[in-house]
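Using the sequences and the accompanying hints, generate a full structural model.
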Amino acid sequence: MTSLQPPIPPIRPDAARGRFLRNAWYVAAWADDLGEEPLAKTFLDDPVALFRDEAGIAHAIAGRCPHRFAPLGHGTMVGSHLQCPYHGLRFDGTGACVFNPHEKGIVPQVSVPVYPLVERYRLLWIWMGEPARADDTLIPDFAWLAEPRWDAVRGTAYAEGHYELYSDNILDLAHANFVHPALAANSWTIGKRQFRQDGDRVYALYTHADDFLSEGISAILSTQGRKQDLWVEIRWDAPATHFLDFRAGEPGTPVDQLVALPSLHAFTPETADATHYFWATARDFAVGDEGFSTIMRDALANAFEHEDMPIIRDVHRLMAGHDFWDLRPIVLTGDSGGVRARRVLKRLIDEEQAGDRMAAE
Amino acid sequence: MTSLQPPIPPIRPDAARGRFLRNAWYVAAWADDLGEEPLAKTFLDDPVALFRDEAGIAHAIAGRCPHRFAPLGHGTMVGSHLQCPYHGLRFDGTGACVFNPHEKGIVPQVSVPVYPLVERYRLLWIWMGEPARADDTLIPDFAWLAEPRWDAVRGTAYAEGHYELYSDNILDLAHANFVHPALAANSWTIGKRQFRQDGDRVYALYTHADDFLSEGISAILSTQGRKQDLWVEIRWDAPATHFLDFRAGEPGTPVDQLVALPSLHAFTPETADATHYFWATARDFAVGDEGFSTIMRDALANAFEHEDMPIIRDVHRLMAGHDFWDLRPIVLTGDSGGVRARRVLKRLIDEEQAGDRMAAE
Amino acid sequence: MTSLQPPIPPIRPDAARGRFLRNAWYVAAWADDLGEEPLAKTFLDDPVALFRDEAGIAHAIAGRCPHRFAPLGHGTMVGSHLQCPYHGLRFDGTGACVFNPHEKGIVPQVSVPVYPLVERYRLLWIWMGEPARADDTLIPDFAWLAEPRWDAVRGTAYAEGHYELYSDNILDLAHANFVHPALAANSWTIGKRQFRQDGDRVYALYTHADDFLSEGISAILSTQGRKQDLWVEIRWDAPATHFLDFRAGEPGTPVDQLVALPSLHAFTPETADATHYFWATARDFAVGDEGFSTIMRDALANAFEHEDMPIIRDVHRLMAGHDFWDLRPIVLTGDSGGVRARRVLKRLIDEEQAGDRMAAE
Chain B
36 MTSLQPPIPP IRPDAARGRF LRNAWYVAAW ADDLGEEPLA KTFLDDPVAL
86 FRDEAGIAHA IAGRCPHRFA PLGHGTMVGS HLQCPYHGLR FDGTGACVFN
136 PHEKGIVPQV SVPVYPLVER YRLLWIWMGE PARADDTLIP DFAWLAEPRW
186 DAVRGTAYAE GHYELYSDNI LDLAHANFVH PALAANSWTI GKRQFRQDGD
236 RVYALYTHAD DFLSEGISAI LSTQGRKQDL WVEIRWDAPA THFLDFRAGE
286 PGTPVDQLVA LPSLHAFTPE TADATHYFWA TARDFAVGDE GFSTIMRDAL
336 ANAFEHEDMP IIRDVHRLMA GHDFWDLRPI VLTGDSGGVR ARRVLKRLID
386 EEQAGDRMAA E
Chain Y
36 MTSLQPPIPP IRPDAARGRF LRNAWYVAAW ADDLGEEPLA KTFLDDPVAL
86 FRDEAGIAHA IAGRCPHRFA PLGHGTMVGS HLQCPYHGLR FDGTGACVFN
136 PHEKGIVPQV SVPVYPLVER YRLLWIWMGE PARADDTLIP DFAWLAEPRW
186 DAVRGTAYAE GHYELYSDNI LDLAHANFVH PALAANSWTI GKRQFRQDGD
236 RVYALYTHAD DFLSEGISAI LSTQGRKQDL WVEIRWDAPA THFLDFRAGE
286 PGTPVDQLVA LPSLHAFTPE TADATHYFWA TARDFAVGDE GFSTIMRDAL
336 ANAFEHEDMP IIRDVHRLMA GHDFWDLRPI VLTGDSGGVR ARRVLKRLID
386 EEQAGDRMAA E
Chain X
36 MTSLQPPIPP IRPDAARGRF LRNAWYVAAW ADDLGEEPLA KTFLDDPVAL
86 FRDEAGIAHA IAGRCPHRFA PLGHGTMVGS HLQCPYHGLR FDGTGACVFN
136 PHEKGIVPQV SVPVYPLVER YRLLWIWMGE PARADDTLIP DFAWLAEPRW
186 DAVRGTAYAE GHYELYSDNI LDLAHANFVH PALAANSWTI GKRQFRQDGD
236 RVYALYTHAD DFLSEGISAI LSTQGRKQDL WVEIRWDAPA THFLDFRAGE
286 PGTPVDQLVA LPSLHAFTPE TADATHYFWA TARDFAVGDE GFSTIMRDAL
336 ANAFEHEDMP IIRDVHRLMA GHDFWDLRPI VLTGDSGGVR ARRVLKRLID
386 EEQAGDRMAA E
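One line per chain: the protein sequences are B, Y and X, in this order. Everything in the first sequence is counted per my numbering, starting at 36 for the first residue and increasing by one. Everything in the second sequence is counted per my numbering, starting at 36 for the first residue and increasing by one. Everything in the third sequence is counted per my numbering, starting at 36 for the first residue and increasing by one.
Each hint should be verified, as a subset may be incorrect.
Pairs involving identical chains hold if they fit within one copy or between any two copies, as the list cannot separate such chains.
[As the list claims (entries may be wrong)] DMTMM-like cross-link-like pairs, simulated, lysine to aspartate or glutamate; straight-line CA separation at most 25 angstroms:
#1 Lys139 / Asp246
#2 Lys262 / Asp291
#3 Lys381 / Asp49
#4 Lys227 / Glu268
#5 Lys139 / Glu154
These are calculated hints, taken from the structure and not from any lab test.
Here you go:
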C-alpha cells in the first residue's frame, strides 16, 4: 500500500448515497500513478480496485471482494490477477474469480462488476455505468496532455465538498481576484465574458485586450510590466471535466498565435461530500526545465489546494446538505457557465434515471 | 484569518437543528476580539459574520453569502463594507449588498439578514431573533466589567456539550468539591443554599460563615489559614448568562463590605452539541498587577477548560441526544437553581414558538 | 484516570443501537487492569463502571450517574464505594446510592443497574442481561490462563468493526497466509479443515501432517527447517469467545503429546461498530523468560493489531452498515465455522428477543 492509497471512507448508509450521472467518463487516476501495485478508490459511492495486468493494461473492477468484503484494491498482483488481501481469491480484468487457494481449490463461479477503463492522454478514464454503453469516443479531447511538445505539471488532491461546486469554481474565473492573489487580473472582473452551449457542452470565454496579466502568469510568461491581450476559454464536459484553454500575447496578436497554457481540471465524486481533484497545466516553452516545472507546480498546487479547496469546503458545509437551487442563490453575470453546466447535468441525470425506471418496468 | 476564527462546523441537516430561544441577547464575542478583521461564527445553528465599520461600530449579518454561500466572516473589510472572500460582493452593516465588482457592476438587490448587535460591558451582545423586538434594556447588567475599578481576567473557550448543561454547572457550585480540587470548600456542600426567582430571573445563594475558603480563593485573597464568612449569589438570565457575585471577608463583616470577585459566565450555543463559553473574573485589588492577573487567569482557565469542560462533554455524550427530563434525573437540593432555569427557558421557548405559529396563521 | 480509560464514545442515538445477545458472558477486562482506580467502559452500547471494593471484589454497575449523567467510571473510590466525579454521590457494588455529600445529606433512594461480574481465569466476565439468569458455570473454560504451568502474553486493543467480523477471522485461519506473512503455512490453505457443532458450541479443526510450520511459529518452537505435524482446534462460544488450541510436534506424535500454544481471543462489542479485543497466548516452556515473552508479545500484538485490525476495519466500512447476509457473501469451505457461529448467535438473539417480547405481553 503506497501513499496513493486513500483510506476507505467511513460508513455511508444507502440513504446517504449521492445522485450521480453513471453513464459518463470520469478521470480515475493519472496513468503513471497506477504502477505494479493496485489502487483502492471510491467513485460515486462505490469502491473500485484499479490494477494493471502483465501486459500493462489497466483494469477497474468492483473494489469489494464478494467473499468477505475486503478491499480488493489493497490486494497484490499475481501475474495478471488481483489477489484479495484477506483470503487470497484472485480476479482477472473481467472481474471473474479465477483462483481459490483453499482446500480443494474449487473456484467459485462469481464475478464482480467490471468498469470500462480507458488509458488516454496520460489519464485513466472510468465509466461507472452500463459497460455496454461505454463509448470511448465520448472521452473529451485532451490530446495536448500526451504530446511531447507540451510539458505539463500535474497534481491529484482529495477535496472536501460536492464536485459541482468545483465545476462552478472553474467556470467562473472571477473568483481569482478574491481567492488567488497571484492570479488576480482585471480580465476576470471587468473583462468581457461570453457563455455558449454546444449540445451538452458548455463554454465560458474571457477576453480582455491590452492590460496587465496577473502577477503569477506574468512571471511564468515573462511579461511583467507589459500589457497583453488575453483569451481564455473553459470547455465543460459532463459530468465535471474542464479544459481551460488559456492564451495571452502581445496586443493585436491573432488568437491562434498567442502563447498557450492549457489546463485540465477534472473532478470525480468520491461521495456527495468529497471529490477527487485532478489537474494539469502545460507549457510549450522551457520544455524539460525541471526547475521551471517545480516553481509552476508549487504555485498551482498552492492555488488549487490551499486557496480554492478551503473556501469550497466551507461553501459545502454552509449548504448543510441542501440542494443548490433550494437555497435560491443570487445569479451574477459570471455564473452563466456554471448555471448552464448544472442544468445540463441535471437533465442528463434525470434522463438516465428515467431510462433506468423504464427499463425496470 | 486569525486564530480566533473557528472552523465552519460540519454539515448539520435541518432535522438536527437545535431548539433555541431566538428573541434574546447572547454574547457573541469579547469586544476586543473583533478588530479590523471580520469573524466567522455559528450561533444557534446559523452562520454569522461579525465586523466593524470605519467608525468602529460592530455589526452582525448572516454569515453565508447569498451568491455562492461562502463564509462572509472569512472575508475582508473594504472601508465600512464586508467583502465576500469568494467573488467579492460587498455588504454593509444593514446586510445590504452595496457593490458588485464584476462585469457591468450591477449591484444585486439583495440583503442578508442582520442581527442587532450591541457593544456593552466590553462584550458584543447579539439578538438572534426578530430585529424589531431587540430591546437593549434587556441586556443583563455587567457594569463592573467596564469599570476601571475592576481588573478582570477573561477567556473564550469552544466547549462540546449542550449549553444548558453549562448553566446547570454554574448554578450548582457543589460540583467544585469534586471537579475543582483548588476550589473545594465546605461552603459548597454543607453550607446554606437558597434559591429564588424574580420574574424570569433565577438566583442561587450560597452562604457559609466562619470557615476556611478554598485553597485557590484563599491564595487570591491572601486568607490562608484564616476562617472567613462567604456570600455567593449566582444570577441567571435567559438563555444562559450568569453573574456569579462572589464575596468573602472577616467573620461578621456586612455583606456589602466583603471583598468581591465578580464573575461572568455566558454560554452561547453554536449548535445543540457545542457551546461558546465566555468567562471573566474581576478583582478590585492588585489592579494593574500583570503577574497577579496571569496567575489568576491561568488558574481559572484551567478550572473551566480542563476540569469543567471534559466532564460536561462526557455528560452530553452519555445523554446520547436524549431530552434531559426524559432521562428522569434524580433531583438533589443543589439542583433547584438549574431546574428553575430550565423551566423558565422551556416556557420562554414554548411561548416564542407558539407566537411564531400564531403569527404564521 | 489512567491510559486504560477510553474516551466516552460519541453520541449514538437509540435508533443506531446494535443488536446484541445480552444474557451471555462477555470479557470486560483483564483482572489486573482493574486496580484501585475505577474504569469507564461501554459494552453493548451501554456505559459501565468497573471498580473494586476494599476486599478486592470487582463490581460492574451502570456507568451513567442517575443524578446528572456523569461517567461513574471516571470517579474515585472512597473505601468500597464509587464516588461520582461530578457531584460526589456514592454507589456500592449493588448499584445503590449510599451517600450524598450535600446539604442535609439525604441519600436518594436510587439504584443504578448492576451487572453480574465474575473474576475467573485472570479475566473479568460481565453479564449484560438479566442478573437472575447469570450462571457462572456458563463461562467457557480457560483454566490454562490461570495455571502457573502456562506463561501467557496478553493484550487489549480497541478495534473498529463489528465483533462478528472478528469471530469470523479467528474461525477461518486461512487468512493467515494473506494477512500475516510470519504466520503463513500450507496448513491453513491446503491442510485439512473440519467443522463441527456441539450444542451451541462451534469447533473448527485444522490438521496437517509432516510439513513446515510458519516462520513465526517455527521461531517460537525452534523448529526451523524441520517438518512437523500440526493440530489446531478453535472453540467458539457465543457471543464471541474463542479458545484457539494450537499444537505441533515431531511427525507421528500423538495429539495429546504435541507442544501446545493455547490462545484466547475474546471480543466484546462496544457498539455495533467497535469492539474490545482481548487476547492471550501461552507456552509451557521458557516459563518466566521475560525476553522470550517480550518477543512473543510484540509479534502477536503486531499480527492482531497491525495486520488483522486494519483489514477488518475496512471490511466493516465496505459493508456500510448492511447486514452480512443481505450482502450475499460467497461461502468457501473455510467459512463453515464462521457461518455456523453466525447462525447460532442469530438464533440465540432471536430467542432472547422473542422471550423478552413474551415477557412484556
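inquiry  = Treating 25 angstroms as the Cα threshold, decide for Lys381 and Asp49: within, between, both or neither.
reply    = both (21 angstroms within a copy, 24 angstroms between copies)
inquiry  = For Lys262 and Asp291, with the copy left unspecified, which applies at a CA distance of at most 25 angstroms: within, between, both, or neither?
reply    = within (18 angstroms within a copy, 76 angstroms between copies)
task = Can you give me the call for Lys139 and Asp246, within, between, both or neither, at a CA distance of at most 25 angstroms?
result = between (76 angstroms within a copy, 18 angstroms between copies)
query = Checking Lys139 and Glu154: alpha-carbon separation at most 25 angstroms within a copy, between copies, both or neither?
reply = This pair counts as neither: shortest intra-copy Cα distance 38 angstroms, inter-copy 44 angstroms.
message = Please sort Lys227 with Glu268 into within, between, both or neither, judging by C-alpha distance up to 25 angstroms.
response = within (12 angstroms within a copy, 67 angstroms between copies)
The structure fails hint 5 only (numbered hints given earlier).
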